[in-house]
Structure formats: structure tokens, C-alpha cells
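A.B. asks: Order-wise, the sequence lines are chains A and B.
Okay, so the first sequence: first residue is 1 according to this note's numbering, each after it adds one.
Okay, so the second sequence: first residue is 244 according to this note's numbering, each after it adds one.
It is possible that part of the hints are untrue.
[As the list claims (entries may be wrong)] Here are the simulated DSSO-like cross-link-like pairs (lysine-lysine), alpha carbons at most 30 Å apart as the crow flies:
| id | chain 1 | residue 1 | chain 2 | residue 2 |
| --- | --- | --- | --- | --- |
| 1 | B | 520 | B | 335 |
| 2 | A | 23 | B | 612 |
| 3 | B | 339 | B | 326 |
| 4 | B | 335 | B | 724 |
| 5 | B | 475 | B | 612 |
| 6 | A | 23 | B | 710 |
No lab work stands behind these hints: they were computed from the structure.
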Amino acid sequence: MKSSLLLLALVVAAMSSCTTAYKTGQTPDDVYYSPTRPQDEYVRIEKEDDRRYRYEEDFQEDRYLRMKIRNRNQWSDLNDWYAYERFGFGHNYYYGSYNNPYNTWNYYYNPYCSHTVFVNTSFTANAPKPRMANLNTYNPNNNSTVSNPKTQFSNPKYSLPGNTNNGYNSNTYTITTTLPPTVLRDITLHRLLPAVHPAVRDLLLAAAPRYAVFNTITETMTGFVNNPAKLESLFTTCNLLNT
Amino acid sequence: MKKIIFILTGFACSATLLAQDPTDALRYSWNVSSGTARQQAVGGAMASLGGDLSAAYVNPAGLGFYKTGDFVLSPAFNSWNNKATYYSREEKDNRKYASFGASGLVIGSGTEKDRKGRNSNSAFALAINRTANFGSNLLYRGVNNQSSYSHKFLEEINGVRDANAVAGNYPFGTSLAFNTYWIDTVAGGSSGNYQFQTRAPFGTGLIQENVVESRGGITELALAFAGATHDKWFMGFTLGVPFLRYDRTSTFTEADASTDNNNKFDYAVFTQNLETKGSGVNLKMGVIYKPVERVRLGLAFHTPSFYRLTDQYSASITTNTENYQGTMSQASSLLNNNADGNFTYWMFTPYRLMASASYVLREIEDVRKQRGFLTADIEYVNYKASSYSTDPEGDNSQGTKDYLKSLNKAIDNAYKGAFNFRAGGELKFTTIMTRLGVAYYGNPYQDIAGENGNRFQLSGGLGYRNKGIFIDLTYVHTMGKDVDFAYRLQNRPFSAANLRQTGGNVLLTLGFKI
Chain A
1 MKSSLLLLAL
11 VVAAMSSCTT
21 AYKTGQTPDD
31 VYYSPTRPQD
41 EYVRIEKEDD
51 RRYRYEEDFQ
61 EDRYLRMKIR
71 NRNQWSDLND
81 WYAYERFGFG
91 HNYYYGSYNN
101 PYNTWNYYYN
111 PYCSHTVFVN
121 TSFTANAPKP
131 RMANLNTYNP
141 NNNSTVSNPK
151 TQFSNPKYSL
161 PGNTNNGYNS
171 NTYTITTTLP
181 PTVLRDITLH
191 RLLPAVHPAV
201 RDLLLAAAPR
211 YAVFNTITET
221 MTGFVNNPAK
231 LESLFTTCNL
241 LNT
Chain B
244 MKKIIFILTG
254 FACSATLLAQ
264 DPTDALRYSW
274 NVSSGTARQQ
284 AVGGAMASLG
294 GDLSAAYVNP
304 AGLGFYKTGD
314 FVLSPAFNSW
324 NNKATYYSRE
334 EKDNRKYASF
344 GASGLVIGSG
354 TEKDRKGRNS
364 NSAFALAINR
374 TANFGSNLLY
384 RGVNNQSSYS
394 HKFLEEINGV
404 RDANAVAGNY
414 PFGTSLAFNT
424 YWIDTVAGGS
434 SGNYQFQTRA
444 PFGTGLIQEN
454 VVESRGGITE
464 LALAFAGATH
474 DKWFMGFTLG
484 VPFLRYDRTS
494 TFTEADASTD
504 NNNKFDYAVF
514 TQNLETKGSG
524 VNLKMGVIYK
534 PVERVRLGLA
544 FHTPSFYRLT
554 DQYSASITTN
564 TENYQGTMSQ
574 ASSLLNNNAD
584 GNFTYWMFTP
594 YRLMASASYV
604 LREIEDVRKQ
614 RGFLTADIEY
624 VNYKASSYST
634 DPEGDNSQGT
644 KDYLKSLNKA
654 IDNAYKGAFN
664 FRAGGELKFT
674 TIMTRLGVAY
684 YGNPYQDIAG
694 ENGNRFQLSG
704 GLGYRNKGIF
714 IDLTYVHTMG
724 KDVDFAYRLQ
734 NRPFSAANLR
744 QTGGNVLLTL
754 GFKI
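Given these sequences and hints, build the entire structure.
C.D. replies: Next up, the structure:
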């Protein structure tokens, strides 16, 4: 926060110095009328850049010479290109197009550049899906709404706090947050099948499609999936195979 | 082969309840005008007035009035209050946060002769603006004896006759409800495993509570160009790059309102987290014509914003079924390979059309003789034109395409076109200015289940301009109404929470002539 304020103060100070032209006289209001900006009262001299190249070829030749002077051997791969391929003759595999020598600069200068193609091997295990809703509820013919269904209860377990126009008592509305037991109800056959021991798979298929209620078991299924004997014991405990 | 089909079927029907629904589309398009303090003080009208940086976000032709330059900063402070009525009970909540309005740089060129010998000038602007704020805290409670949130889960698995599929294929809602016994098989346990019921005793009443915390907004970077000929015709366009971020945590709770301690339901808590982020692009273009001195007429068109967005979402449910199964809790990550859900998609917001007129008293250089202006905009937004499509690099399955097609149809059903009005004026006393404005944003909803909404704004402000610096201070008071549905049902009654909203926005613009 302090750094933001400091930055803001610096910007304000810098911009204040830019408004010198308007510190005296009137400050224009562009909504009504925008006058032409005041001109500087000194002679402006155009800078002349005598290092510019008149033609692209001159620049390329000059650059080639400087490269060779720096390291005569390093740039030998580019000899052919600078000799004739840049004019459209021949084809050098280093270049995507003959008139673009910049394509290979990464090859020499960039330490991260190599001929190896790296593929992003990360993947998302879960299939990306949109968040779905029952869109029939937006059908104009869907008329399921109600309004003002007042209800009253004499000694509720929970009630709404404070004011209430509905006559509820003023007990505090609280919900306990006890640590819940582990839920194993989600362990479904189809999620286990691809990875399990064949004997366990047969056992699971024998149990299907009966629904397994595992929540009375304190261990997770992880220890059972490749242990047919233990799983059979578990199922027997649950009466799964007898129902 | 059967096993493979079974697995594929499981993925195909892994519908979720953290729903991508029409309300998402409206959130990103039903926004009030935002800009500099001066523009906000006159109701947000800027489609014909010009000469202000915020023209880049309304009618970029207005930048063509600039022959000088401005650099402006617009910090803001917002307060947003929600008063919600749900089953006849009122609750309030509010949120306060810092924000900003249009800030940036505009540089105009001096008058030059064009090829035909006409006087012409041009201007360029680079600006950033918070075009939408999603910051809000919402709370509502009420007693419902007609339906339970869990009916939404039951509707989702209508026709599914496999308890194992219910237990695993709906990891962001229904499976969590089933695994924690908010919904159960008809006979309980492993019996009757192809029919399902809710454990929530809605007939004797459920105390329902929804707490929704929203954060984020849309910040738009604008690159604008404008030109003028003979100070009579002004034309301009803006390339806008909006960056969108929306974070929402909602906690829906329903608890047994009866005296029965043995009815196998005490309470259930459903927590959902959603983060949407991405960026987009849009074009704004417009023209302003001055038929006679003092009068300005403007037309502007905003193309739909094209967004590439990614949703990341998760959910958890805790249910207490008393002496039946006790308290149980489960999170979506347990059923989704320890990962949040995610989905990347394209979204298009509606196009906008604006027409405007302004009357400016004394358009002359001597600021002592400038007296004031009146300006008014009318805007048409076709909210039903919002649409979604799949991202070519994302999930392009037929099921997803079909869902988004249905979603676009639902948007057609849920919304309509609406007119927005903005008007305001300024009185100028050489260096001091006073301003008043008003704005009305029309109802974007079709009435399907009691939906209704609008926004009305009153604004006022002061300005000071001297010695190359200008300072504008504005207060905007917003009053609105809206609806929020904790859940929608196809076959059972459900109700909206009706929202009365008020907002206060204090905006300061500090500007420098350059």
C-alpha cells in the first residue's frame, strides 16, 4: 500500500511538471473547446540518423562482416545464405523462408533453443466439463414457483435469529461442525475395475449391481483392492454377498 | 466392452450443480456505465459530449474533440448493500471495496489541413477502466416447507437407476449429497438402490440460508483513435481488451425446523467455490456530428465482447442425519482425482447501440465564458444475444456442445432487450463546476419465475480546473432490484430471493493537462 501511494505521488509529481505550459493563463476544457497545443518557443532541430542503411542488402552485408570478424568459424553455416540464398536462389534448411535470416538467431544465441521438440506432457486427469444445470427451469412454461408460504413451529430444533416477521423464537441458529467420519460410499465398482486384481474384479462383478454400503467400515478401500481374501471378508461383514 | 461403455456413460453424464447457467451471461453484460468522475457525475452520459477520456469506453468519436492532452487517474471507493427477502424474511449484508474509474492518457494533435484543404485533427488514447465490479456479499434466510435444495439433486438423477453411478458420477453436487445421505435410496442403505429420496423433511419445514460472497470485476484496457474534420464531424474507434475475474463462494444451508430429533435429518451444508477468469476483445466505434454550434449528436456501436474464459470449481457437502448416519462430509476433490473441476470456453456478450444529444453553452476558447452543458444518452442492449461456445483447444465433445446450445436457448428464454437512459448536466463558473446526473438501466429479465430487475442512479459532483490541473469529485448513489435463486426446480416449487440493492460510489479524478 505504501509503495502504491509512493508511486502515485511520483506520477503526480511527474505529471505536474508536464503541465508547465498551462500553469499560467487559462486551463483549456476540452469538453467545451480544445485549443491547439501551445508551441515550444525554440527552434526544433530534426535529428539525422546517419547510421541508417539505404538498402536492406547493405545492412545485411555489414552485419555479415561484423559477425565474421567476431568469430570467423561460428557463422560459417550462414555463408550460403548471405552469398546467394537471401536473393531467392537455392534453399537453406536453416531458414523457414529465404528472406528471413532472423529465424536462426535463436539457434545461436538462445541457450534454451535446441532442435529437440518438447511436448507438454502434463495432463489433467479429470475430464473438463461445463458446470451443468437443469435448463428446463428456464422454460417459460415451467411454473414451479411459490410465494409467501409462511410456516410456524412451536419448539424447533433450529430457528432464525433476530427480528423475523414470522414469529420464530429467537434461539441462535447454530450448526455443529463436528469432524465427520470418512465416507466410503463413493467407492464404486466402475472406478475400481480397471486397476484391480482379476479375482477381486470377479468378486466385485458378482456383487454388482447390488449397492454396497461401506460406511460402517473404518478402513479405506485402498488396502482391499488387490487382496481378494480381505475384500471377501469385508463383503461378508457387510452382508453384501448375501443380499 | 460392457465395462468400457459403463465407464464412458459415467463420464458422459457427470453433470454438475455448480451450474454454468444464464445468470453467468447476465453478470458479464448487465453493467452500469463507468468512467471518469466528470462523466459519472452527469449520469454516465458520454455518447455525444466528448472531450473526456471516458469517451474511449462510450463513444470514441468524443476523443476527436481533443487538440490538447490529458493524463488522468480515477481512484474510487464503492459500497454495496443487499437487502434480500426470502420467504417473507428480510436479511441485509454489505461489502465495501476500493476500485478505480477511467485512467490513462489522451493526446490530441493540433489542427492541420488534410489533402482536400479541410481543417482536421486527430487524437489517441490509452486508458484502463474498471468496467464492472462484482464485489458483493449476499445473505438470505427463510423457512421453506415446499421444497429442499436436495430436490435439485433428485431432478438431476431422474431416470438414473444405478446407485453406484449416483455415488460417483456427479462429483460437484449430487454424488456428495448421496454419499453423505442428504439424498438416499428409497428404502435406505443398499435396498431399493434404483429409486431415490431426500432425507430433508421439507414438509415440516426447512430453515434455508444462502451466503454468497462475490469478488472480482472486469478491467478493460482501451486503445482508442479518433479524428475530426472541420470541427463538425468526429469519428473514432476503440480496441478494448477486457480482463475478467470472478470469484464466488456460496454456502447454502438447510436445517430441520421441526421438533423431531429422530427424523433422520438435522442439517445439510453445501459449499461451492467458483473462480472464473480470462480475457477478451471488443471494438467500439462511433460518430459525433455538430449540425450547428452548441449542438452535438452522437451514435455509437459496441461489438459483442469475445471472451475466452476458464472456470475452476469445487464443492463440498456436510450432512447430519442424526441417529441414522450421523454427521458426514465429503469434498468434490475426493471424487474427481483430487482435482477441482475446470472448463475453458468462449463467451460473447451482447452488442450495444447508443444515440445521444448534447447542448453545450458557449463552445469558445475563453473558459470564463463557458457556461455549462446538458447531455443525454439512450442505449439499447439485447441481453438475449449473449452466447457460449466451446473452445477449440478445450472440451469439444458433442455432449458439451449440446449443453452449450441448450444454454444459449435458455439465455434466449431468460432475457430480453432493454433500454438504458443516462442524462446529466454541468454548470460552469470559470474554474469551479457543479454537476448532476441520473441514469436508469432497464429490466433485462423475462418473467419466468418472478424475475425482475432494474437499476436507478443519481449522481452529483464538483470540479475544479486551473493551472494545468483538474480535480473532479463525484458521488453516485445506486438503487436497484434483482433476484437470486439458490436453486431452480422443474417439478417442485422454488422461490427467488428478491433483492433491494443500494450502492454508494465515491470517485475522484485527478487530471493533468499535457
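A.B. asks: Now look at each hint and say whether the structure bears it out.
C.D. replies: We went through each hint and held it up to the structure:
1. Restraint check for residue 520 of chain B and residue 335 of chain B: the C-alpha separation of about 28 Å stays at or below 30 Å, so the hint holds.
2. Taken as a hint, the residue 23 of chain A and residue 612 of chain B pair is honoured in the structure, with Cα atoms around 20 Å apart against an allowance of 30 Å.
3. Taking the CA atoms of residue 339 of chain B and residue 326 of chain B, the gap is about 15 Å. The hint holds against a cut of 30 Å.
4. Note on residue 335 of chain B and residue 724 of chain B: the hinted pairing holds, with a Cα-Cα distance of about 14 Å set against a maximum of 30 Å.
5. Between residue 475 of chain B and residue 612 of chain B, the direct Cα distance comes to roughly 21 Å. Compliance with the 30 Å bound is thereby established for this hinted pair.
6. For a cut-off of 30 Å, the pair hint linking residue 23 of chain A to residue 710 of chain B stands: about 4 Å separates their Cα positions.
Checked against the numbered hints above, the structure violates none of them.
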